[in-house]
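Trainee: Sequence:
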Amino acid sequence: MSWAIEEWKDGLPAKALQKIQEIEGQLDKLKKERQQKRFQLDSLEATLQKQRQKVSYLFFFFFLMLLHNFKAPIKLLISNLTR
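The numbering of the sequence shown is my numbering, which starts it at 1 and goes up by one.
These are computed hints drawn from the structure, not numbers from a lab.
Some clues are possibly wrong.
[Stated by the list, open to error] Okay, the calculated beta carbon distance ranges per label pair: (1) Leu30 <-> Ile5: 47 to 55 angstroms; (2) Ile23 <-> Lys54: 43 to 51 angstroms; (3) His68 <-> Leu30: 52 to 60 angstroms; (4) Lys31 <-> Leu67: 49 to 57 angstroms.
Think of the CB as a built atom: it goes at the ideal place given N, C-alpha and C, for glycine as much as any other residue.
Take these sequences, add in the hints, and give me the full structure.
Mentor: Written out as structure tokens, the structure reads:
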């Protein structure tokens with residue numbers, strides 16, 4: 001099947017074939033870069049989701065403190081923020 005895909009190149013001048021090969025190489029490189037960027041984006045989105053969960057937890061924690069008029073030590077709050 002790949003021969004059919006390459007068949008359109010038959011009879012082209014050597015210079016054109018070389019340019020096509022260069023462009024195909026650039027395309028492969030760009031595809032790999034896009035795949036790496038997608039992986040990085042997915043990782044960053046997962047990290048963002050974890051941070052949002054932490055913030056939600058802390059808001060809930062503070063809300064409960066207010067409801068119960070509970071005063072937690074600053075040290076405890078800071079340790080929760082840095083986890």
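Trainee: Each of the hints needs a verdict: does it hold here or not?
Mentor: Quick rundown of the hints versus the structure:
{"no.": "1", "hint": "Leu30 <-> Ile5: 47 to 55 angstroms", "result": "violated (19 angstroms)"}
{"no.": "2", "hint": "Ile23 <-> Lys54: 43 to 51 angstroms", "result": "holds (46 angstroms)"}
{"no.": "3", "hint": "His68 <-> Leu30: 52 to 60 angstroms", "result": "holds (57 angstroms)"}
{"no.": "4", "hint": "Lys31 <-> Leu67: 49 to 57 angstroms", "result": "holds (54 angstroms)"}
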